[in-house]
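Visitor: Residues per chain, in single letters:
2 protein chains.
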Amino acid sequence: TLPSIRLVSSALIVLPLTLNVRILTIQHYLKPLSVPHRHMFGPGPSNVPPRILEAGANPVIGHMHPEIFEIMSDIKSGVQYMFQTQNSMTLAVSGTGHTAMECAIFNTVEPGENVLTAVNGIWGERAAEMAERIGARINTIVAPPGGFFTNVEIEQALSKYRPVLFFLAHGESSTGVLHPLDGIGQLCHKYNCLFLVDSVASMGGAPLYMDQQGIDILYTGSQKVLNAPPGTAPISFSERACQKIFNRRTKPVSFFLDLSWLANYWGCDGKPSRIYHHTGPVSAFYSLRESLAVLVEEGVEKSWERHQQVAEYFHAGLESMGLKLFVKEKKARLPTVTTIVAPHGYDWKEITTYIMKTHNLEISGGLGPSVGMVLRVGLMGCNSSKANVDMVLAALKDALKHCHKSKV
Amino acid sequence: TLPSIRLVSSALIVLPLTLNVRILTIQHYLKPLSVPHRHMFGPGPSNVPPRILEAGANPVIGHMHPEIFEIMSDIKSGVQYMFQTQNSMTLAVSGTGHTAMECAIFNTVEPGENVLTAVNGIWGERAAEMAERIGARINTIVAPPGGFFTNVEIEQALSKYRPVLFFLAHGESSTGVLHPLDGIGQLCHKYNCLFLVDSVASMGGAPLYMDQQGIDILYTGSQKVLNAPPGTAPISFSERACQKIFNRRTKPVSFFLDLSWLANYWGCDGKPSRIYHHTGPVSAFYSLRESLAVLVEEGVEKSWERHQQVAEYFHAGLESMGLKLFVKEKKARLPTVTTIVAPHGYDWKEITTYIMKTHNLEISGGLGPSVGMVLRVGLMGCNSSKANVDMVLAALKDALKHCHKSKV
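For the record, the sequence lines run as chains A and B. Residue numbering for the first sequence follows the working numbering, beginning at 1 and increasing consecutively. Residue numbering for the second sequence follows the working numbering, beginning at 1001 and increasing consecutively.
No wet-lab data here; the hints were simulated from the structure. We put the CB at the ideal spot given by N, CA and C, even for glycine. Possibly wrong hints are sitting among the right ones.
[Stated by the list, open to error] In silico BS3-like cross-links for lysine-lysine, where the CA-CA straight-line distance does not exceed 25 angstroms:
1) B/Lys1271 to B/Lys1251
2) B/Lys1271 to A/Lys251
3) A/Lys328 to A/Lys357
4) B/Lys1349 to A/Lys271
5) A/Lys302 to B/Lys1349
6) A/Lys302 to A/Lys386
[To be verified] Partial selection, computed: residues in chain B whose CB lies under 7 angstroms from chain A:
7) Ile1023
8) Ile1138
9) Gly1231
10) Tyr1265
11) Gly1267
12) Cys1268
13) His1278
For reference, chain A alone in the conformation it holds in the complex (with noise of 0.2 angstroms):
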C-alpha cells in the first residue's frame, strides 16, 4: 500500500520550506496616509461631517457585548423612523447598498421563481443579473432613461409574469428619476407578489412610507443623504416578506446573508439568545447611529422638505444658466441626485475633471445607460444647502466658461 511512500514524498517537500525560506520584502511603504478634504457633491460617496467621524473612531469592542447590542437596537430603532415602517424585522447588513441588495433578492427567491425588475436606469439591471445568478426567471420592464413607470403599466406586467418578486428604484440615481410609489406595493400584493424596493439614493430626501405604501423589502445604503461612511446598509422586511423568507424549500445562497441568521445577531427572531453568526463591523455601527440621530434630530419630514427645496432652488438656477435638466417632469426629478443634460458641443469629461482640479469639487458623469448623455450633481444630507448650490452654479458656470467648446 502507498501511505509509507507517501510520507516519504511529503517529508521531501517539506524540507526545502523549512529549510531554505526567502522572505518576500517590502519596499516604498512607509509613506503616511495622506487623504485630501473634497466637497463631495457627486452621486455619492457624500461628505461625512466630523461628528460622524468622530463617532467611527469610538474604541472597538466585541461585536456581541451588551453595548453593541444596544448600538443595534438604536440603529433598529432610527431605521425603523427613517423608513416609516414598524417591522420588527429591520436591521443594517454588514455592506454597501449591493450587499444588501443581494441580501433582499437571496432570500426573497428561490431557484425557478419569476422575478420582474424595472429597469429605467443601471439599478433594474443589476437586480435582474442579481437574480438570474440564483437561479431565478428574470422579466424586465424597460422604460428609456430619465424616465419611469405607470401603475398601469406596471400592473400589466404583474398580471402577465406573475412574479414573485418585483424591483424598482425609489431614486435611479443614474437618471435622476424619483419614482413615484403610490398604489404600487397594493398592485403587487393583489397578485401575490413582494415589492422591493431600492431607495439608496433616495431615503431621507424623499418622502417614503414603507408601511403605508406596502412596501416589502426596503434597504439604503449609509453614504448617501445619512453622510456616513459606505459599509453598512439598512434594510427591513414586512411581515408579508417574512411569511414567504421563512418558509422557503430551499436555504438562500449566502450564508452571510442568511435572514435566519441576521435576524437572530440584531434581536429580530424574538430568541433569547443570540449565536455568533460573523464580526459585526462595529466602528461603522458607530458612524451608522450617529448619522440616524442625525436624522432623528432634524426630523425626517423636515429633511425631506429641505432636499425638495434645496432641489428647486438648483433647478431654477441651472435653467437661468441656460442649462436643461434631463428629468422632464418636474415630480419625478430626484433631490437628492440632480441630471443635467451633457452641455452641448462640450466634452462631459472635461468638465467634470476641470471643476474637480480648479474647485475641488466632485459632481460626476452619468453611469450605466445615462452615460455621456448627463452631467449628475448630488447634495445630499448635510450637503443639502443653498450655499452648495451656489457653489456648485459657480463652478458650473466657470467650466462653461473654460473648457474647451466645439465650433458646431
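Got chain A sorted already, so can you dock chain B onto it with the hints?
Guide: Only chain B this time, still in chain A's reference frame:
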C-alpha cells in the same frame, strides 16, 4: 379590457396616502453615543490602537478617486507582503472574514463539484455549509476539537473524494489549533485540487508562506493581528486558482463577490479602466492600510517571533498556575488564540463574566464544538506583549479565587 378600471382603482389607493399620511415618530434616541474602553483579549476583534482609529477618521472621498486607487494599491502590496505572495490577484473584500470565505468558495466552486473541508473546529463546518448552499457535493474529514490532520490523512481523503477545492483553517480559533501547512499544497496539486486556507486568526501571528506552501486561495480578517476595525478581509488567489475561476461554465452566485468584478475594481486584471462595481468602504480601507503599515514597520517575521515568544510565556504562566492547555501538542498551539481547559469545578461563564466586570477585560468561552470545554484568550497584534500576559494571568488568578467552586 381592464386597464381603465385598474387606473381608477390605483388612483383610489393613492388618495388616502397623499391626503392622510401619518408620520411615525421616534423617542428616546438622542442620548449621545458612548463606548467604553476595554481590554480586548478574546479571540477578536482585538484592540485598535489610536493611530489606526485616527486613520479611519480621515475624510471620506470617492471610492473611485485616484487617491483611493493609490490606497488600494498600497493595501495590495501590504497584503502580498503579509501573505508572502507575488500573486497579482490580491485585494481586500468589502466585508469580514465570512465574506472572504464566501468570496473564495463562490468563485472557485460550481454546482455539482466536490469540495473537501477539514473539520477540527467551527470553520471547516462553516465552509462546508457555504459550499453546500451553492450546490457543491461536500465531504469532510473530521478531527476532534484540539486535534489536526496528518498529511497522510489529507492525501487519503484527496485521493478518495477527488475534490476541486480543499478547505483548511490555519488558525482554528475555536479550538486554539495552528494547523501545519507544509506539503499540503503540493498534495492538493498532485490531485488537481485547489488549496484554500483560512488564516483569519493566525495571519501575522504565525509563519505562513502562501507561494512556497502552494496555497491557492488565502484570506484573513482585519480585526485580529492587524488591529484594524472589522469590515475588510484581505484575500489572494494563485494563478492556478484564477485559471479555474476565469474558465467557469456558470457565473458565481454573487455579483458583489464575483472575482472578475473585484479584480477590475482592484486594478488586478490589467485593464486600462475601472468600471463601477460597488462603493468600497473607503474609511475601512484607510484603517486597513494603516494597520498594514504597522505590520510592515515591525516586519512580518518579527511579528511572528513576538507572538510565539509571548504565547510561550503565557503558556508557561498558565501551567505554573496549574491550568491545562487544551491543545496537547506544542507545535500545534496557535500563538494568537490560546485555549485553556475550562478549570475543573468552575462555571466557565462565571469566570469570563467576573473578569469582564472586575478587570474590564474580555476573555471568552468556547465556540461551536469547544463550548463548555475551554476558555479562550486572544493576544493579537499590539495586544501580544508580556505585560498583557501578566494582566491576564492576574485576572485569571483573581477569578479562580473569587468564583464559585463546586465541592466535587
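Visitor: Okay, which hints does this one fail, numbers in order?
Guide: 2, 3, 5, 8, 10, 11 and 12
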